[in-house]
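From first to last, the protein sequence lines stand for chains A and B.
Residues in the first sequence are numbered consecutively from 1, following our numbering.
Residues in the second sequence are numbered consecutively from 1, following our numbering.
These are calculated hints, taken from the structure and not from any lab test.
Just so you know, not all the hints are guaranteed correct.
Ranges of calculated distance between the beta carbons of each label pair, as one might list FRET restraints [to be verified]:
#1 B:137 to A:10: 19 to 27 Å
#2 A:60 to B:129: 35 to 43 Å
#3 B:138 to A:41: 41 to 49 Å
#4 A:46 to B:92: 26 to 34 Å
Over the 12 Å line for every Cβ pair with chain A, so calculated as not near, a few chain B residues [stated by the list, open to error]:
#5 38
#6 50
#7 67
#8 97
#9 102
#10 113
#11 130
#12 133
#13 139
In silico contact screen, one side only, chain B against chain A (beta carbon under 7 Å); selected entries [as the list claims (entries may be wrong)]:
#14 1
#15 4
#16 36
#17 40
#18 109
#19 112
Backbone N, C-alpha and C define an ideal beta-carbon position, used for all residues, glycine too.
Here is how the chains run, residue by residue.
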Amino acid sequence: MAQINHISTAIAPTDPAGVAVAHGLVRAPSIVALFVGCGADVSVGTTDPDATNVYIANAGGGEEDVEVLVMAPHSIIA
Amino acid sequence: MAQIAKLTGVNIPEATANHPVPHGLVRTPGIVVLLHGTGADITKGNDPDETNIYLTNGDAENPENAEVLVMAVHSVANGDNQMTLLEGTVPEGGGETAVPHGLVRTPSIVLFAFGSSEDVALGATPTDETNIYLTNVGLGIRPYSILVLAPHSIIS
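Just chain A, with the same shape it has in the complex (with noise of 0.2 Å):
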């Protein structure tokens, strides 16, 4: 499985704790960008990512896209 990937999704309004975004790396990942792709209201979520999924934010009142980088790296460059 993978340290490092990108995802391109879509959410609908949320809480500050954010929605579950399957990452599909190898464990959970401890950097999580956002890139200029995300809406403006979009942010990351107060969940901290677990071993299945990030938790994204979106404030704003319709859907609203995210652009995502995780990264779970090894030990020698974490």
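We have chain A; now place chain B onto it with these hints.
Just chain B now, kept in the frame of chain A:
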């Protein structure tokens, strides 16, 4: 010490040039990417060093936050380059501009970073072993800032 880190909620005072921000990496980062969530007036300043990156806030009245991804990965240093940040400009006009990425193979991840013009996009020509292909639908030269990654099998 880490080779990759995300710096979150970095506050840059108003009207400040080259504000030092400790990156905490093992060496000088070769890649500094401004992310979504960075204030509109924040730009990169002087080149990074072993301790800090440097950010400028062009807003004369208000502090702004920055979200920054910093990387000082081995692959950049040893010639087996698996990731880099491409920065430059695309001329106006309807054609495609080939931009050499310099990676060891065709990138599997191409991400537009903060500071890249909304008028710049990937062209119809697929990314290949040598180049990515950009278009500019704006009137005038437009800047791009694009993170490209071709992670090795052990990390992909």
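Here is what the structure says about each hint:
no.	hint	verdict
1	B:137 to A:10: 19 to 27 Å	23 Å, holds
2	A:60 to B:129: 35 to 43 Å	39 Å, holds
3	B:138 to A:41: 41 to 49 Å	25 Å, violated
4	A:46 to B:92: 26 to 34 Å	43 Å, violated
5	38	9 Å, violated
6	50	17 Å, holds
7	67	7 Å, violated
8	97	19 Å, holds
9	102	18 Å, holds
10	113	6 Å, violated
11	130	21 Å, holds
12	133	18 Å, holds
13	139	21 Å, holds
14	1	10 Å, violated
15	4	5 Å, holds
16	36	4 Å, holds
17	40	11 Å, violated
18	109	4 Å, holds
19	112	6 Å, holds
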